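Build the full structure now, drawing on both the sequences and the hints.
One line per chain: the protein sequences are A and B, in this order.
No gaps in the numbering here: position 86 of the first sequence is 86 in this note's numbering, and each next residue is one more.
Numbers given in this note's numbering equal positions in the second sequence, counted from 1, plus 1000.
A couple of the hints might just be wrong.
Claimed, not checked - Among chain A residues calculated to face chain B with C-beta under 7 Å, some are:
1. V108
2. S147
3. Y297
4. G301
Note that these hints are calculated values from the structure, not bench results.
Computed from a prediction, not measured in an experiment: that's the story for all the values here.
Every residue, glycine too, gets a C-beta built ideally from N, C-alpha and C.
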Amino acid sequence: MSVLIFIDHSDGHLKKASFEVASFGATLAKQMNTKANALVLGNVFDDLTQLGNYGINKIYQIQSDNFNHVDVKMFTSLIVQVVKQVDASVVLFSHSQTGKALAPGVAVKLNAGLVTGVCDLPKTNEGFIVKKTVFSGKAFAWVSVTSPIKVLTLNPNSFSVQIINENASVEPITVPIPNASVQVAATNKVTGEVPLSEADIVVSGGRGLKGPENWGIIEDLAHALHAATACSRPVADAHWRPHHEHVGQTGVQIAPNLYIAIGISGAIQHLAGVNRSKTIVVINKDPEAPFFKAADYGIVGDAFEVVPKLTAAIKEMQSK
Amino acid sequence: MKILVCISKTPDTTAKIAFKNNNTQFEDAGVQWIINPYDEWYALVKAIELKEKDPSIVLHLITVGGADCDAIIRKALALGGDEAFRVDVESDDSYVIASQIAAFANKGNYDLIFTGKETIDYNGSAIGGMIAALLDLPYLSLSTQFEWNGTEAKVTREIEGGEEVDLVRLPAVISCQKGMAEQRIPNMRGIMAARTKPLKVITPIAVNALTHIVTYELPPAKAGVKLVPADDVAGLVKLLHEEAKVI
Ligand SMILES: Cc1cc2nc3c(=O)[nH]c(=O)nc-3n(C[C@H](O)[C@H](O)[C@H](O)COP(=O)(O)OP(=O)(O)OC[C@H]3O[C@@H](n4cnc5c(N)ncnc54)[C@H](O)[C@@H]3O)c2cc1C
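See below:
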C-alpha cells in the first residue's frame, strides 16, 4: 500500500502543478501512514531528487526517447504496470491536459474508482471521501470511493505546497513497453507564456474592450504582474483572442490568487469558471454589472482610463 | 463508416445550483435541461458534418439515463443522426456510465466514438478515456480538429502548453471541445424528422459503481465588494498589496 504520484513534465522540465500534486500526495500518504512515491516517464533535465522537498520518497523513472509525447494507450499500460509492481493503492495525477487524458484509462485498467477535479485532502478516517468541484465551480461534491485502488486528479492551484524534506532517490524500474497507438505528426507549443491553469494572477478582458486592437492595455497590466491573460467567450468567438484564453463554464476553469476582470459583465457562465479565484477585482464602467456582486474589489470606471493608470501604479509600487 | 456520439443531459447554464434532502441531491425543481454543450456543439455537430460529406456514414447517438433523457436525445436527433439509444440506468459513477456505453459500442462495431470533453455538471472528463480503455482503443483527448481521409484520421488536440497533431487508424475514441465545429440551431425539418427517428431503450449490463456522491456543498458567500474610486488606483494597489496580499 502506498501513494503513487504521476509527475508530468513539459519538454523535460517539472511543472508547478507537478509539485502541487507531489505535495498533496505526500500529505495524503502521511495521513494514511504510508509512503509517497513518484513516477516519471521519459527524460527530464531538472534534478528529480528535488521532489524530496515536497515529501516524495522514491522516484521511479523509466527513461526513453519514446516518451517525448504522451501516447495515452502506451502511458496507461506503463502506469498500470508500475502501480501493480509497487503495490500502490492511491494513484494521483494533476487535473491537467495530461492527467485528464490518462487518469480515466488507468482507473479502468485497475478497476479503481476515479474522482477528477479534486480540491481538498480526502477524509480517510472512515472510508475514503474526496472533495471535488462540480457545476464548473459553482459547487462541491464529496465523493466516496469504495474500490481498493483509488485514482484522483488534483485541480491546479487548489493545494498549497508544503515543504517536507525527505531524501528522495531515483530508482529505475523496468516494465514491458507497448507500442505507440498514435503517430505524432506535429506539435505546436506556446512558449514564454504562463499557462492559464497554473497562473497565480490572471488579467482578463471582455467585450467592453471593443476590439482586439485594444488588448495592449490588458497585456501591459499582465506583463507588470507576471500574469496570464484570459478573456470572455464572445471575445474568443469573435477571434479577438485565441480560444485557449476563453474562461468560464464552457472554457477553461481557473482558480488563481488574483483574477482581474476588465470590461466583462459577469454572466453566470463566465463566473462559473472563475469564482474559485481567491481575490477578484472588477473594472467595469457600469455600476450595475453583475460581476461586482462576485468581486472583492471593484472600480467603476472606463477601462481605457483606469487600466493604464493601474499598470503605472503597480510598477511604481514594485520599484519601491 | 459507423459513428457513435455520446450525449449527456445537463442543467441549463443559467440554472440555479441548489441541493435538497440534506444536501444529498441536486435540486431539479424548475431546472431546464439541455444537451451538454460539449456533446452538442462539438461532438455531435462534427459527426453531422462528416455525414454531410459522406451520406453512407451511419450516425448513432447514445445516452445513459432514465426516461427523462428522452426529450434531450430527441433534441439531439433534431440536429442530426439516424437513430438513438438510451441505456436505461441512472448513475453518478463515471465507470458505470462508460461501461454501459462500451458494452453497447462493442456490439456495434463503431469506427469512431465521439464524446464531449466533459459535462458541465459533474465535470468528470472521464467517459471518453474510460470507454477507450474498456475497448482497448486509442484515445484522443481534448480534440479541436478532426479530418478523415478514408484510411487515417488526423486529430489536433490540446496538450500541456500547446497542441499536438496525431495520425491514428480507426477505431478510436475522440473527446471533443471548442474548435471541432460550430454550434447549430435545429431547423423545423430536423425537429419534425426527429419525432419519427427510432429511439431504442437498451437494458443495462450489470456493473458495480466504484464511487458515489455523499453530499454537496456550496461555496461560502462573498463578503461584498469594496469599491475604490476610479481616480484612486493607488488605493486599489495598496489594498491588493497589504490587505489581500496578492501582489
Ligand atoms: C451555454 C452558454 C455557455 C456560455 N459559456 C460561457 C463561458 O464559458 N465564458 C464566458 O465568458 N461566457 C459564456 N457564455 C456567454 C455569457 O452568457 C456572456 O454572454 C458573456 O460572458 C459576456 O461576455 P462579456 O462580459 O465580455 O460581454 P458583455 O456581456 O457584452 O459585457 C461587456 C461589459 O463591458 C463593460 N464595458 C463596456 N465598455 C467598457 C469600458 N470602456 N470600460 C469598462 N467596462 C466597459 C460593460 O458595462 C459590460 O458589463 C455562455 C453562454 C451560454 C448560453
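Item to complete: Hints the structure violates: just list their numbers, smallest first.
Response: none
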